[in-house]
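Now that you have both chains on their own, put them together as the hints suggest.
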Amino acid sequence: DAGVIQSPRHEVTEMGQEVTLRCKPISGHDYLFWYRQTMMRGLELLIYFNNNVPIDDSGMPEDRFSAKMPNASFSTLKIQPSEPRDSAVYFCASSLGTNTEAFFGQGTRLTVV
Amino acid sequence: GEDVEQSLFLSVREGDSSVINCTYTDSSSTYLYWYKQEPGAGLQLLTYIFSNMDMKQDQRLTVLLNKKDKHLSLRIADTQTGDSAIYFCAPSSASKIIFGSGTRLSIRP
Chain A
1 DAGVIQSPRH EVTEMGQEVT LRCKPISGHD YLFWYRQTMM RGLELLIYFN
51 NNVPIDDSGM PEDRFSAKMP NASFSTLKIQ PSEPRDSAVY FCASSLGTNT
101 EAFFGQGTRL TVV
Chain B
1 GEDVEQSLFL SVREGDSSVI NCTYTDSSST YLYWYKQEPG AGLQLLTYIF
51 SNMDMKQDQR LTVLLNKKDK HLSLRIADTQ TGDSAIYFCA PSSASKIIFG
101 SGTRLSIRP
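Chains as they are written, first to last, in the working numbering: chain A, 1 to 113; chain B, 1 to 109.
Chain B extracted, bound-state conformation (with noise of 0.2 Å):
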């Protein structure tokens, strides 16, 4: 079946860039999205993109695509304590989204 493979925690410095890692198995996804988790909330979608790209860009986030490789990125620029989070993602295939594990960003000061 599908999977979707990113690394468990990541901790960066506020103000550095934060690249969350992403590989998933499906090739037929069509669209790849990042969700963020909240301490006791539910998750929001955060970004995506078309499986037809190779980067997307949204003010401070960054989206990168490698489709041959299955290979998905997400980079916060200018990382804030309030980007303090999980962050999952999510390949989209026929009608179901599956997940990745999420990894926890923690900032330090």
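For reference, chain A alone in the conformation it holds in the complex (with noise of 0.2 Å):
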């Protein structure tokens, strides 16, 4: 398996636009994440999900963000709108359980202007 696949790696958005972001996650594996990391917030988690379901969303910023996960190989995160301090790494991973080792994507770079 190639690991987990995130796309884009980079993404440069004026502030306003629609962001989405993807993530493939390792085949088999039942957990998605996604987390955002920055200089002051260090690595925040956003979302899960077991099983395509989203489990607890709590750490989403604010209505802005929304994640779907609508079959088991596939995950989007979406900024509608985006704004200048959304600008982060984002990343996504899998793993096989619960207390099982968490697999990372190479992360999205977004930088919104």
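For the record, the hints were derived by calculation from the structure and aren't laboratory data. Even for Gly, the Cβ is constructed at its ideal location relative to N, Cα and C. Worth double-checking, as some hints may not be accurate.
[Said to hold, decoys possible] One-sided excerpt, in silico: chain B residues whose CB lies under 7 Å from chain A: (1) S27; (2) T30; (3) G42; (4) I49; (5) F50; (6) S92; (7) I97; (8) F99; (9) G102; (10) R104.
Structural data, given as structure tokens:
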């Protein structure tokens, strides 16, 4: 398996535009996590799914953020409308089950200007 | 909610030992992980310890856990330039893993 695959690697967009980040987890992993990393706040858990169902979205900053997992091999994180303070590196991770190692993608570096 | 605290920076001389400390609040954590993040990359699992252990050694790495004080540490013996990275403490609670802010380890010649 190629590991967790995220796209795009880099995204630069203008304030107010919609941004969609994509993630393909490792095949067979039941859990998928979205994290955001900034210098100020470190690595924050935004939302996670179990078997494609959102379990905890308490970390999603506000209604401008939404995440979906239409099937076991694909998830999206959408920001609409985007703001400069959303600039960060967004990581997707997947794991086999509870209390097991999480495997991370390479991240998407988002810059909102 | 859960909270994980780490120092932001640590600088050590090449060949010395590095000790990275972490405190956490969730006493129900069953697995406690250390992840390493190299520049421009995602996080990779370095080592972990079960909550019923107080020490684990893995080559140059030693993990110490004081469950009563909710304190976790990672010791890297004979620190090398390749150890330069950000190290994250990550207690696992139920299904999710909560990360600390990360400690940026830099190596002096």
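Hints, verified against the model:
Restraint check, B:S27 versus chain A: the minimum CB separation of about 15 Å is more than 7 Å; hint violated. Of the supplied interface hints, the one on B:T30 holds, with its beta-carbon coming within about 6 Å of a beta-carbon of chain A, less than 7 Å. For B:G42, the interface hint holds, since its Cβ comes within 7 Å of a Cβ in chain A; the closest pair sits about 3 Å apart. Evaluation of the B:I49 hint against chain A yields a violated restraint, the C-beta minimum of about 12 Å exceeding 7 Å.
Interface restraint check for B:F50: the shortest CB-CB distance to chain A comes to about 9 Å, outside 7 Å, so the restraint is violated. Hint status for B:S92: holds, given a least beta-carbon distance of 5 Å to chain A, under 7 Å. The criterion of a C-beta within 7 Å of any C-beta in chain A is met by B:I97, whose closest approach is roughly 6 Å, and the hint holds. Hint status for B:F99: holds, given a least beta-carbon distance of 4 Å to chain A, under 7 Å.
A distance limit of 7 Å between C-beta atoms decides the matter here; for B:G102 the minimum to chain A is near 6 Å, and the interface restraint holds. Among the interface hints, the one on B:R104 is violated; its C-beta lies about 10 Å from the nearest C-beta in chain A, farther than the 7 Å criterion.
Comparing the model with each numbered hint stated earlier shows that hints 1, 4, 5 and 10 do not hold.
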